[in-house]
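**Student:** Dock chain R against the given chain L, drawing on the hints supplied.
Protein sequences, first through last, are from chains L and R.
Heads up: the first sequence begins at 1 in the working numbering, then just goes up one per residue.
Heads up: the second sequence begins at 1 in the working numbering, then just goes up one per residue.
Rather than coming from a laboratory, the hints here were simulated on the basis of the structure.
Keep in mind that the hints are not guaranteed to be accurate.
Said to hold, decoys possible - Here are the computed distance ranges between Cβ atoms for each label pair:
| id | chain 1 | residue 1 | chain 2 | residue 2 | range |
| --- | --- | --- | --- | --- | --- |
| 1 | L | Ser217 | R | Ile119 | 32 to 42 Å |
| 2 | L | His13 | R | Lys150 | 32 to 42 Å |
| 3 | R | Asn19 | L | Arg67 | 53 to 63 Å |
Unchecked claim - Below, in silico cross-link-like pairs of lysine to aspartate or glutamate (DMTMM-like), each with a Cα-Cα straight-line distance of 25 Å or less:
| id | chain 1 | residue 1 | chain 2 | residue 2 |
| --- | --- | --- | --- | --- |
| 4 | R | Lys57 | R | Asp72 |
| 5 | L | Lys11 | R | Asp92 |
| 6 | L | Lys47 | R | Glu165 |
| 7 | L | Lys160 | L | Asp266 |
Built from N, CA and C at the ideal position, the CB exists for glycine as well.
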Amino acid sequence: MALKRKSKQFKWHRKHLLGLRELSAEEITYILDTAKGFEQISTRSVKKAPPLRGKVVVNLFFEDSTRTRNSFSLAANRLSADIIEFTKKDSSVSKGETLLDTAKNLEAMGIDIVVIRHSAGGAPRFLSRNIDACVINAGDGFCEHPTQGLLDTFTIRKIKGTLEGLKIAIVGDVAHSRVARSDMWAMTKLGAEVTFVGPPTLMPTEIGRLPVKVSYSLDEVIEKVDVINMLRIQFERLGGNPFPSIREYSHYFGLTVERMKKAKSDILVMHPGPINRGLEMESEVADGRNSVILEQVTNGLAVRMAVLFLVNQAAAQSK
Amino acid sequence: MKIILDSKEIEQVLGDLTNSIIADTPPELDIAVIGIRSRGEILAQRLSDRLSTELSKDVPCGTLDITLYRDDLNSPSSNAQPHVRTTEIGFDIDNRIIILVDDVLYTGRSARAAMAALIDLGRPRAIKLAVLVDRVGREMPIHADYVGYKTDVTVGELVQVNLVESDGKDEVVIE
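So here's chain L without its partners, still in its complex pose (with noise of 0.2 Å):
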């Protein structure tokens, strides 16, 4: 069963998945390559396929999810991991323990992959120099949400056929959003422009060190893009007062059915989840024929099975 043929293709060798940034524009076309593949396991008879067969998986969750988490662990279940479902909640963590030794004690029950979502940044890293299990990072801190990232670029790819040359407009709550900093190296590396968009008080301070166009009015830029992708308004983080209002926000930066009406009428309307709606976008917007808000949610299942699949090759062959 040997490949037959010596290709000189591209080899996979992260057994941790910790942010975009590092990754080459070759590495992530491979991962959504590679999420094709996983695709039609969720359409079939059985929903199941076995190359994680006897593998555990932890979900280490320090921050409240249900996508992600529900996400990671169907992906789990379909490539037959068996997964421990771990929150601060009903955890020692409310006891005081620290994360390392969270960490090392799963460890010691022989898990294998540690999917860890944590309020500080560079926890993820932190964890994988520190166990032998592979790691991947659901979102930590502002930095990275390398698995939404992917699915949002898988969601354009499949639809547009590719990210060269697309405008893409990320619109919201950016200085607060890790997925605007997923999606920015993931687009850009495969030759998309991105624009973030919202109120100066919500751009992150380190912007003119990004890859990115900025703009403060989002009527200026929604008739030039042919994807936005609207942030949630993250009330649970906001601090001080970044706008006057409520309605305010929504009348500059709301994605609404009259603010639409200026966009290009193949525009792909996205959004990372929950959606506030009435807030950063109608309901009718959010249900409207350009949204692409639940394929994001079925591609998401695909793209993380991919991840887990390659961190695990990857760690299968360093061994």
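**Tutor:** Using the frame of chain L, we list chain R on its own:
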């Protein structure tokens, strides 16, 4: 390097395989051809074209990627990294006779993986294995139902199937 089948002989062999499959299959039963990536995919397409013509009905063709079903995914000894590609089967395999196609039958491990993969897609009436070349060296209790050419090359030798669609010309060589 020794050529064991040239392009004319490959045509001849495909013709013989087509005839054997037809002789074996009751005409009232639905039949479909599924090739194992990547050379099997091309051979499956050619067989399905021939079967469609001979039977004057559409014999659908699909492609199976067996990577997720390989038995060496977690064995550190495998140095060639497997690449996951798509399975493309645009028809229901339930109750059909599936002609599973591969270029070379050797250890039997690909055929085992392919059967496991197929059964996760549905329940065919039967799975029959058709191969262009059957070489000795089985490591699984598997045999082909339709064999184009049998060879007893030794372990160190490589049987390579080249096809126009992927390699520019049709030939089977031993290296």
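**Student:** Next, verify each hint and record whether it holds.
**Tutor:** Now the hints, each set against the structure:
{"no.": "1", "hint": "Ser217/L - Ile119/R: 32 to 42 Å", "verdict": "57 Å, violated"}
{"no.": "2", "hint": "His13/L - Lys150/R: 32 to 42 Å", "verdict": "40 Å, holds"}
{"no.": "3", "hint": "Asn19/R - Arg67/L: 53 to 63 Å", "verdict": "55 Å, holds"}
{"no.": "4", "hint": "Lys57/R - Asp72/R", "verdict": "39 Å, violated"}
{"no.": "5", "hint": "Lys11/L - Asp92/R", "verdict": "34 Å, violated"}
{"no.": "6", "hint": "Lys47/L - Glu165/R", "verdict": "32 Å, violated"}
{"no.": "7", "hint": "Lys160/L - Asp266/L", "verdict": "10 Å, holds"}
Checked against the numbered hints given earlier, the structure breaks hints 1, 4, 5 and 6 and satisfies all the rest.
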